[in-house]
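Enquirer: Here is what each chain is made of, one letter per residue.
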Amino acid sequence: MATPGIIEIIDVKKQYTVDGENLQVLGGLNLSIQPGEFLSVVGVSGCGKSTLLRLLIGLDADYEGEIRVGGALVRGTSLERGIVFQDHRLFPWLTVRENVGLGLTNSSWSDAEKQKAVQEHIELVGLAGFEGAYPHQLSGGMAQRAAIARGLVNRPSILLLDEPFGALDALTRSNLQQELQRIWQTEKISMVLVTHDVDEAVILGDRVVVLHARPGRIERVVEIDVPHPRDRDNPQLKRLADEVREAIVGPHN
Amino acid sequence: MKWLRGLVLPVLLLATWELLTRYHLVNVRLLVEPGRVVATFLRELREGELLSQLGASLARDLGGATLGSAAGILVGTAMGTSRFYDRLLGSSFHAAKQVAIFAWIPLMSVWLGTGEPAKVVFIALSAFYPVVLNTFEGIRSVGSQYVEVARVFRFTRLQVFRRVILPGAAPSILAGIQVALVYSWLATIGAEYLLAAGPGIGNLMIDGRESFQMDKVLVGVVLVGAVGASISALASAIGAWQLRWRVTSA
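So the sequences go chain by chain: A and B.
Here my numbering is used: the first residue of the first sequence is 19, the next is one more, and so on.
Here my numbering is used: the first residue of the second sequence is 3, the next is one more, and so on.
Since the hints were derived computationally from the structure, they do not count as laboratory data.
Please read all numbers here as calculations on a predicted model, not as lab measurements.
Careful, some of the hints might be misleading.
Stated by the list, open to error - What follows is a set of in silico ranges between Cβ atoms, one per label pair, in the way DEER data are often shown:
1) I240/B <-> S128/A: 29 to 39 angstroms
2) L188/B <-> G147/A: 45 to 55 angstroms
3) A73/B <-> E82/A: 40 to 50 angstroms
4) Q199/A <-> A73/B: 55 to 65 angstroms
Virtual Cβ for every residue (Gly too), placed ideally from N, Cα, C.
Next comes chain B alone, as it looks inside the complex (with noise of 0.2 angstroms):
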């Protein structure tokens, strides 16, 4: 029952947002009745656009963290095992994560334009980061006890990697790409927000505010936090699985 305790926020707002529109306690062309929200939603849902445009953001959010997660496996693998990279790539890959997300849109939208191209790698850029710095440490931290009993066995060196730096680091990895995972959704958004239209829930955002449909807005804000919560409770599942072996206590 203790799942019960987690409902009585959620439902005092939507009591509270519903009181507040149907006394007219706040401006109800800003601030629109749930009821409405929820009847707009409906009628996207049958005449709208509302799941391929869904669809259209869901994919572009794969495309990029996808893409940018296995370039961050890949550098942060190539950083965390060999000094040579990690001395060529390391100064300019700190300096560079300095810079916030956002400021790389005005730069890559010269360089890439505007269109599909630039927002994936947009998104890309969200998710690379978080990625390579948790495998580079991942990697770094697997503690050299293990790699000297592989050694005591005779292992091959791509058996050290494969059997013993990869599964020591994997719950480093996982963390960093369930943080991708979250920056990516958000990247998604504001890549549809930041750089030129085309079909999304970010669209559909904006048409609302542009036309003055607040229900729209609404609609769009609900549909972007469900989906962001269930991307990250999928994201937890799919670790609390990988990572059975792990004491989970500190």
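So that you can see chain A by itself, here it is in the shape it has in the complex (with noise of 0.2 angstroms):
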């Protein structure tokens, strides 16, 4: 079981070097998520929201500034913090169920714990019978589903989601949308939720954090005061969601 900590993001700042010319991707954030916290974050294209989901896994390590996880600094990658990304990049030469057993590959649990945990995991995102498929045999609704199982079958602190959502249409969408404030319900862990869909950011999360773009940084924080699970249709939520949509184009854009 994983102990949670508080994410901490210390004035971090990157920057790529396009042409010759210096691109400030993110200018300083300076971010805490509290454990067991859903968070959304949404902006612009190229604000850079998808960038720091990267060095919040570790995957890149070029950057400035800290990013701390329960007090210790974050270099490179860890069990400890599991992420979904837009494709569901599930290997196509393995079955569902040795898709979600990926993330135990490493871990020292027994057999039977990893077989129980992997069958758990792939009944909770609601693809009990599909154990057996390969991935071209799935629709991208269900692929999705099954990345959220693997990356939630070694129980980490804290669940980074790349736009999850955003190669799906608009009804599957939808469903998972409220497939995944259950899962998050069930497992009360950390996430943070990349999105460029208001709605969806609204939805699932306790705090919207809305970046803006060109240096990358926090334009507002809008806190979503309401008691999951959530109701579309709460006319408090669509208040809401006008006020992260007027910080989006707000003043700076």
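Since each chain sits alone in its own frame, please combine them into the complex, following the hints.
Expert: See below:
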């Protein structure tokens, strides 16, 4: 079981050099993520939200500033931090069961414990019965469910989601948003969701961070003080969604 | 019943062959009647050494193809996973590839003689090229997105190679081996023709030609074709089973 810790992003800056020019992708980000919190991050394209996730997961170490989890500096990837990408990235040559089990390859659990965890998580995401299917046999929505199961199977203390439903049709997206809300309530771990869909951000997040682009900085943080489980038609949510939209369009942009 | 359609052409050809020879529309000393070819085949099977000759050719083919494929996988993997080996071997490799395979024969017959070793090396060479190219391409084309997933799960470099790169490259490698199997059978017959005499189907055909026994030659031709087709079919079947996780549409 993972012990949750606070995630601290301290004055993080990142720049790319394109054609000799410096592009400031992130310009001094400061943010704290509480254990068990669901944080949504929204912003226009190019505001650095996906970059932020890559720094958090540890795939990219080229930045200034500090990222700490439970006080310790983030150095590289860790089994404590899981991620779901926009393209599901399931290995095509493995079945659903084997794919979900990938997260447990280097864990010290016994085979019986691993099998149990894999089965539990396949059921958690609603894929019971599809354990032996290959990725090419799954729909986009089902593949993403499997990717979520894979990200959760080794019980990380935080799950990052990089526009996980961006490539899916509207109905599937809406369905999976409800599912993610249920999964988060069951697992009770921290989640950071990057999305360009404001309604998605508001229905899922405890807080919504609005990033503005070039350089990427926090424009506003909107608190979503509505109890879970949330109803899409809640007027308070609609008002908050409008507030977020205003912040995206906002004075700086 | 669709497979019956596949038989129409061969049956037509066979019928044409029979007609041409029966009514002496061609010189039957050149194009022997199918009946006589079958009789010769059965005779060679009983009293001649047809089976051992076939065995000799197949053994040579298997030895050379295995040698060439193994070397191909090793070199292809080295070039695909290490920039150092890629730069070291790359350009010489691509230059040598342009040399037509049969052009190596004169050089090899001077270096290795014309006996068994030369034949096996020649066959190995013909298998080597398609396997190296496909292994290299296959390894290179494994997407970095899968490697990133492996990094998130803290895979060691060996794990990344065994569990991500190899399975990802497998379709390409297997395609290379299928091509290698076809080429090496061709090279086997070629080697028997162009290098010194020895047991084998190629020699059956040379004997037939030299003593003007066209029935023997035709037996050889049919056998070469039949074995070649069987090898291809076997290779395809193995490929299809191995890669059952793949979407077959492009």
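Enquirer: None of the hints should be skipped; say for each whether it holds.
Expert: Here's how the hints hold up against the structure:
no. : hint                                  : in the structure
1   : I240/B <-> S128/A: 29 to 39 angstroms : holds, 36 angstroms
2   : L188/B <-> G147/A: 45 to 55 angstroms : holds, 49 angstroms
3   : A73/B <-> E82/A: 40 to 50 angstroms   : holds, 49 angstroms
4   : Q199/A <-> A73/B: 55 to 65 angstroms  : holds, 56 angstroms
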